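Chemist: Here is how the chains run, residue by residue.
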Amino acid sequence: MSELELRQTTVVSAAEHEAARPARRLPRVGTLLAVAFTAFLAVAAFAPGLVETHPPNAISAAEAFQPPSPAHWFGTDESGRDLYSRVVAGTGTSLLIGVTATFIGLVLGAVLGVLASFGGRVADFGVSRLVEVLFAFPGLLLALLVIVVAGPGPVTATIAVGLSTAPGYARIIRGQLVAIRSAPFVESARVLGHAPRRILVRHILPNALVPLLVLATLGVGQAIVWASALSYLGLGAQPPAAEWGAMLAAGRTYLATAWWMTVFPGLMIVGTTVATTVLGRALTRRDREVR
Amino acid sequence: MTSRSDATGADPVSDVPPLLDVAGLRVAFGGREVVHGVSLRIMPGECVAIVGESGSGKSVTARSLLGLAGRGSSTSVDRLEVLGRDLAGAGEREWRGVRGRSIGLILQDALVSLDPLRPVGREIEDALRIHERMAPAARRAHAVDLLDRVGMPDPAVAAGRRSGELSGGLRQRALIASALALDPPILIADEPTTALDVTVQARILGLLGEIRSRGTGILLISHDLAVVAGLADRILVMRDGQVVEEGPAGRVLRAPREADTRALIAAVPTDRPRGERLGISAPDAEPEAGAAGRVEASGPLGDATAVDAATPPVLRLDRLTKTFPVPGGRFAAVDDVSLDVRRGETLGLVGESGSGKTTVARLALALTAPDSGAVLLDGKPWSSAPERERRPMRRRIGAVYQDALSSFDPRWPVRGILDDAVRTVRPGAGRREREQRITALLDQVGLAASVAPRRPLTLSGGQRQRVAIARALAAAPDVLVCDEPVSALDVTIQAQILDLLDDLQRHDGLALLFISHDLGVIRHMSDRVAVMRAGRLVETGPAEDVFGSPRHPYTVQLVADAPRLAA
Numbered sequence: 001m002s003e004l005e006l007r008q009t010t011v012v013s014a015a016e017h018e019a020a021r022p023a024r025r026l027p028r029v030g031t032l033l034a035v036a037f038t039a040f041l042a043v044a045a046f047a048p049g050l051v052e053t054h055p056p057n058a059i060s061a062a063e064a065f066q067p068p069s070p071a072h073w074f075g076t077d078e079s080g081r082d083l084y085s086r087v088v089a090g091t092g093t094s095l096l097i098g099v100t101a102t103f104i105g106l107v108l109g110a111v112l113g114v115l116a117s118f119g120g121r122v123a124d125f126g127v128s129r130l131v132e133v134l135f136a137f138p139g140l141l142l143a144l145l146v147i148v149v150a151g152p153g154p155v156t157a158t159i160a161v162g163l164s165t166a167p168g169y170a171r172i173i174r175g176q177l178v179a180i181r182s183a184p185f186v187e188s189a190r191v192l193g194h195a196p197r198r199i200l201v202r203h204i205l206p207n208a209l210v211p212l213l214v215l216a217t218l219g220v221g222q223a224i225v226w227a228s229a230l231s232y233l234g235l236g237a238q239p240p241a242a243e244w245g246a247m248l249a250a251g252r253t254y255l256a257t258a259w260w261m262t263v264f265p266g267l268m269i270v271g272t273t274v275a276t277t278v279l280g281r282a283l284t285r286r287d288r289e290v291r
Numbered sequence: 001m002t003s004r005s006d007a008t009g010a011d012p013v014s015d016v017p018p019l020l021d022v023a024g025l026r027v028a029f030g031g032r033e034v035v036h037g038v039s040l041r042i043m044p045g046e047c048v049a050i051v052g053e054s055g056s057g058k059s060v061t062a063r064s065l066l067g068l069a070g071r072g073s074s075t076s077v078d079r080l081e082v083l084g085r086d087l088a089g090a091g092e093r094e095w096r097g098v099r100g101r102s103i104g105l106i107l108q109d110a111l112v113s114l115d116p117l118r119p120v121g122r123e124i125e126d127a128l129r130i131h132e133r134m135a136p137a138a139r140r141a142h143a144v145d146l147l148d149r150v151g152m153p154d155p156a157v158a159a160g161r162r163s164g165e166l167s168g169g170l171r172q173r174a175l176i177a178s179a180l181a182l183d184p185p186i187l188i189a190d191e192p193t194t195a196l197d198v199t200v201q202a203r204i205l206g207l208l209g210e211i212r213s214r215g216t217g218i219l220l221i222s223h224d225l226a227v228v229a230g231l232a233d234r235i236l237v238m239r240d241g242q243v244v245e246e247g248p249a250g251r252v253l254r255a256p257r258e259a260d261t262r263a264l265i266a267a268v269p270t271d272r273p274r275g276e277r278l279g280i281s282a283p284d285a286e287p288e289a290g291a292a293g294r295v296e297a298s299g300p301l302g303d304a305t306a307v308d309a310a311t312p313p314v315l316r317l318d319r320l321t322k323t324f325p326v327p328g329g330r331f332a333a334v335d336d337v338s339l340d341v342r343r344g345e346t347l348g349l350v351g352e353s354g355s356g357k358t359t360v361a362r363l364a365l366a367l368t369a370p371d372s373g374a375v376l377l378d379g380k381p382w383s384s385a386p387e388r389e390r391r392p393m394r395r396r397i398g399a400v401y402q403d404a405l406s407s408f409d410p411r412w413p414v415r416g417i418l419d420d421a422v423r424t425v426r427p428g429a430g431r432r433e434r435e436q437r438i439t440a441l442l443d444q445v446g447l448a449a450s451v452a453p454r455r456p457l458t459l460s461g462g463q464r465q466r467v468a469i470a471r472a473l474a475a476a477p478d479v480l481v482c483d484e485p486v487s488a489l490d491v492t493i494q495a496q497i498l499d500l501l502d503d504l505q506r507h508d509g510l511a512l513l514f515i516s517h518d519l520g521v522i523r524h525m526s527d528r529v530a531v532m533r534a535g536r537l538v539e540t541g542p543a544e545d546v547f548g549s550p551r552h553p554y555t556v557q558l559v560a561d562a563p564r565l566a567a
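Residue numbers (this note's numbering), protein chains in the order written: chain A, 1 to 291; chain B, 1 to 567.
Some hints here could point you the wrong way.
To be verified - Per label pair, the in silico range of CB-to-CB distance: (1) Leu367/B to Ala150/A: 46 to 52 Å; (2) Ala123/A to Asp508/B: 33 to 39 Å; (3) Arg411/B to Val29/A: 53 to 59 Å; (4) Asp371/B to Arg121/A: 18 to 24 Å; (5) Arg411/B to Thr257/A: 52 to 58 Å.
No wet-lab data here; the hints were simulated from the structure. The structure displayed is predicted, hence computed values, not measured ones. All C-beta atoms, glycine included, are put in the ideal place defined by N, C-alpha and C.
Using the sequences and the hints, build the whole thing.
Modeler: In structure tokens form, the structure reads like this:
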């Protein structure tokens, strides 16, 4: 069958219900919700004062362990601090850890991936085996290993999470580069007489890295979960800092009596991960449509 | 094959009831009608062909006859009878009883139509299992027997092979065998030979002819009139979902009444001498392409094509050998090949898939180094020069590939693609100058300037190939290496691209190394021809000699197998 007819069939499957074609241009409801939630997170991270209802660290013994109410939307903790305001205050920390960790992972992965794909056979062998060894450890275990060596704290936790995500990115980047390097359009650029550096900068890297940035959006959610897990274990952000994982850990003791102390920070972690994942997927879809 | 006459089975008043009788078939997708009332009828032992360009609705028509028009489609018919049974408004359950048993289907690409993980024999047995009660041993024997009937060499062994282990031609045979499994009285073949080499195509068409002579009615779908010419009793020409012309094959081919039919006939390059234009100047041939005939044809056609044999070759391949490692030794993809291409001349390189043509192209472009031998560009070392020295020379030799789309950076629009090429020749040029050059290039290949901001993905196959040619021309090369540039295109679009290359050559004195598996295309395009088989050149010479009086038995076979309009 010829390509034109193929194209027709795709149109057909998209046009299952009337007017499906214009509808494809509009983002889905899930995507819109994710955008709204991410916008809230951005405000909470950069201008927490705008959305906080109480000072996040103000102690009030009389208001301890209050369930959610109009005055305290998410309830209060053992010291009477407003949980909603603390969750908002923790957004900046959690997002910063997630984004920084992903960035560290990406840069490290890019270095390893480029080294493997352009450094010759020996480098490729070395990097690929190293990545395989790192893959053999569960990511969190690798992060724990780094913390054991470097000591606990938010900075080391961030670095640890970044390090443990790097092998995954390295492998993807290497695969992308190897595939694109031998793609027909790169060969066409060679036939035109372009210098290798120009081909690398103008053709290979953009095609390899742009889809990766989209992928990184998905990675931010994962990094936040891992960083929260480390804080929960007491290896990342330390109390009384308002960090979601640390708040979960603090609420653990009162799980039976004050469920809100764990549920709301947990919901934020889940919500943030879901929102970034949905956004990442939407971006992936768009990138694929461009191709 | 039975001899064809215009009256065979086509007589509507004959007493024999038709195998298939459709009237007023309409197919719509989401409110947009793509087939507007097609009627056709197939008699026992008759082959009816539907011919038309991509998008003309021929495939959708064929599929509707199996109740497979596709998701989201709505089909309506005035009459639909298969073997005398009324199927208008039949449900899925009823259709399942018809498919395979009453109507068999053969698709273009056997590789995707057969399960790659199962032996082909098993695929054939499947059809038997669904529709017939048979002992497993009998089924197996029957499958082998079917493979034998379609001319599969060593059928018992082949039945145990997976589709990926068979060559394209054998795979197509296996697919035909599975379509024949239940001995359906009607066979629908949708572009059954489009992906195949000429010799294989000739064998598959011969096989379909045998099946027809046993009384099976065949509906043959193709974009290429030359393919159906040898087999069809009646021809329907479709355009935009309508039958524009219908009649006995001989009449339609000899005395076409409609412009669309004439364009399809004119587009067939076989037996058309060099220099003769293939495209009829139909203004609506490829409407988006802008002014298709904008390139001015200069002077009488014969003049420019005569190339003085004394002029030194601009590209010389000297005793090239290239081998690749395979398990247990090395495979010689190119074995002692010597070729010359002179300015203003087209050298046609023809051979089947796997004969080493593309490796020759890659050697000529210095994308791969020969094991021995040398490539000279304008008398200077080319293949042996270091890449650093080669790079400034690269603009002198351009390339056009079969798959234009994958040769473009997917992130760039047409403007970016051409700009990238323009910069190689005029690195210092300002934005405005480059923009003008891009517009001029688009104009040269018959594309409107409005194409510039579009992405190649949104262009048609013919437009993409025009962009690829424009990119190759940007550097004003002396030699153009065209590797199967029209193989993925419909004949009518193919004709336009071939005409374009012809015009450009006449205009700029380009030397063309033109590679194709299609003998008709090669014959039409080439001044001289080289025939390649299994890495070796078996025959070289002026086109008229090679085609008029081929010496090597392989060339004789190739020439005999090329599909022709007139038998």
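Chemist: Okay, Ala123/A versus Asp508/B on CB: inside 33 to 39 Å?
Modeler: 45 Å, violated
Chemist: Does the hinted range 52 to 58 Å hold for Arg411/B and Thr257/A at CB?
Modeler: 57 Å, holds
Chemist: I want to verify a distance hint. Is the separation of the beta carbons of Asp371/B and Arg121/A within 18 to 24 Å?
Modeler: 21 Å, holds
Chemist: Check the following: the C-beta atoms of Arg411/B and Val29/A are separated by a distance inside 53 to 59 Å.
Modeler: Violated - the Cβ-Cβ distance for Arg411/B and Val29/A, about 29 Å, lies outside 53 to 59 Å.
Chemist: Honestly, do Leu367/B and Ala150/A meet the 46 to 52 Å range at C-beta?
Modeler: 49 Å, holds
The earlier numbered hints that this structure contradicts are 2, 3.
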